[in-house]
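Novice: Protein chains in written order, with the numbering used here: chain A, 597 to 1012; chain B, 31 to 147.
To be clear, the hints were calculated from the coordinates, so they are not data collected in a lab.
Glycine is no exception: its CB is placed at the ideal position from the N, C-alpha and C atoms.
There may be inaccurate statements among the hints.
[Stated by the list, open to error] In silico negatives: residues of chain A with every beta carbon more than 10 Å from chain B:
1. 612
2. 631
3. 735
4. 765
5. 823
6. 851
7. 861
8. 908
[Unchecked claim] From the structure, some residues in chain A lie toward chain B, with a derived Cβ separation under 10 Å:
9. 715
10. 718
11. 719
12. 768
13. 883
[To be verified] Derived lysine to aspartate or glutamate pairs resembling EDC-like cross-links, with alpha carbons at most 16 Å apart:
14. B:32 - B:144
15. A:875 - A:915
16. A:665 - A:632
17. B:42 - B:120
18. B:32 - B:115
19. A:759 - A:720
20. A:759 - B:106
21. A:759 - B:120
22. A:759 - B:118
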Amino acid sequence: MADPIRDQLDAVYRRESRRVLATLIRLLGDFDLAEEALHDAFRAALEQWPGEGVPDQPRAWLVSAGRFKAIDSLRRRARFDASLTQIADRLYSDSGAGAALDEDVEDDRLRLIFTCCHPALSADAQVALTLREVCDLTTEEIARAFLIPAPTVAQRIVRAKAKIRQAGIPYQVPSRDELPQRIDNVLQVVYLVFNEGYAATSGESLTRHDLCSEAIRLGRLLVELLPDPETLGLLALMLLHESRRPARATADGDLVLLDEQDRGLWNRALIAEGLALVKRIHASRRFGAYSLQAAIAAVHAGAASAAATDWVRIVALYDLLLRADPSPVVELNRGAAVAMRDGPAAGLPLVEALLGRGELQDYPLAHSAHAELCRRLGRNDQARASYLRALELTRQAPQRRFIERRLRELASQPPR
Amino acid sequence: MKYACLIYDDEKLFDAMPKGEVDAILGEYFALSDELGQSGHLLGGEALMPVSSATVVRVRQGRTSTTDGPYAETKEQLGGFFLIEARDLDEAIRIAARIPSARLGSIEVRPVMEFER
């Protein structure tokens, strides 16, 4: 039997629960207390809304219900712990705080993100806490996505909350001079979630779509709250990568490289959204690591084929990226782009010099890239050796199958 | 909240430093503690003599044993501490970042445990 109030309540939960939680954490000053209050508030709604109707401002109703439930629960517990009486009394007399509720709600969501992504927490804890508190994934869902045991995730979250409480990690948007560095940290957490979903480091499937969609959801939220070029850049980058997902794997789950993908399968809606963001970044004339990577992804998205890609532009963008955010992986990608622009013979020395420096010795994609260039140049023995090294380093099943296929192709070719 | 800023330095780095540079760093330390004292952030603090002057004391089964200095050969040694009052961790981090040794070694920021007695 359809239950319209229940459906409405579910919709309110999906739309508002993280906002209500964020505000309750600010009002109550404690994650666990706020989560409990959130549950109590929705339980009260389930009891009262069928009789009284859905209130005009469900979010304000839920915040206020949650706050009073928390005060009740503190007072009940205060019989055993006198210090809680003071907290309950303070919360009760703070009822004026409810008035400024609606204008603060977006700030509350930002506060929640900045607290969950505080650099004083370990990177693992930041990711787990963000997915739990901001995205409302369950501990089990997070555990499944990262292929780790649920108790490990639960422990990370418990420890992170304890550190927030004990170390006095504030629930606030950082001051203007600290903001750029702190935003970087938030973007890094979001990108980590996306990458784990997009290029899972281990496991059976190539992508874990749930993590990608959560990361994109976080990216959209950040763009809404803090529309600076790097935030736009990260969202654009994720959308443009995600647009290729349907073409990245065969029906059997085998990997398809960018130059062999059926571009007709790319998701045009995501590409349009990504390109519009890249345009906005262009207009701002400010470029950072994410916006430059988004610009590179935009060139690919606009090309009809690998051959028709503007590799001159891509190499130029990699040059800028190397200046903005130098790393051996960026150098490797630049080397691959040079090989596309000027031929494999031009790219190979760059990749070899990079491997010679040693930083990428354990990075499977560096050996795959080397193997690929050698293969195209007909240096089959070198190609085979590098593919074998890449295979040793790769834990992810589709990547392994891809390398094994290449090795079989090499074996069936007559030696040159 | 109260925080202890534990200051870790490489003592060898200081030993090898020309006297002028050491004096400049000490000058920075004095200026910072004066400023933090005036703003009410500083509750206390000391610099410690080198690790070579340390003695480790243990009591096991009622017997006191003493040994020369810390055993572990760590690169950085505890060289001093500030006890500060800060609104939250972010303010404590801002203050810790201004301690000269933050540039040379590292500062461990630890909240102080409060007891109700």
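Novice: The structure should be examined with respect to each hint, and the outcome stated for every one.
Specialist: Here is how each hint holds up against the structure:
no., hint, result
1, 612, "holds (28 Å)"
2, 631, "holds (21 Å)"
3, 735, "holds (25 Å)"
4, 765, "violated (5 Å)"
5, 823, "holds (24 Å)"
6, 851, "holds (43 Å)"
7, 861, "holds (47 Å)"
8, 908, "holds (43 Å)"
9, 715, "holds (9 Å)"
10, 718, "violated (15 Å)"
11, 719, "violated (17 Å)"
12, 768, "holds (8 Å)"
13, 883, "violated (28 Å)"
14, B:32 - B:144, "holds (9 Å)"
15, A:875 - A:915, "violated (20 Å)"
16, A:665 - A:632, "holds (9 Å)"
17, B:42 - B:120, "violated (31 Å)"
18, B:32 - B:115, "holds (5 Å)"
19, A:759 - A:720, "holds (14 Å)"
20, A:759 - B:106, "violated (25 Å)"
21, A:759 - B:120, "holds (13 Å)"
22, A:759 - B:118, "holds (12 Å)"
In this structure, the earlier hints numbered 4, 10, 11, 13, 15, 17 and 20 are contradicted, and the remaining ones agree with it.
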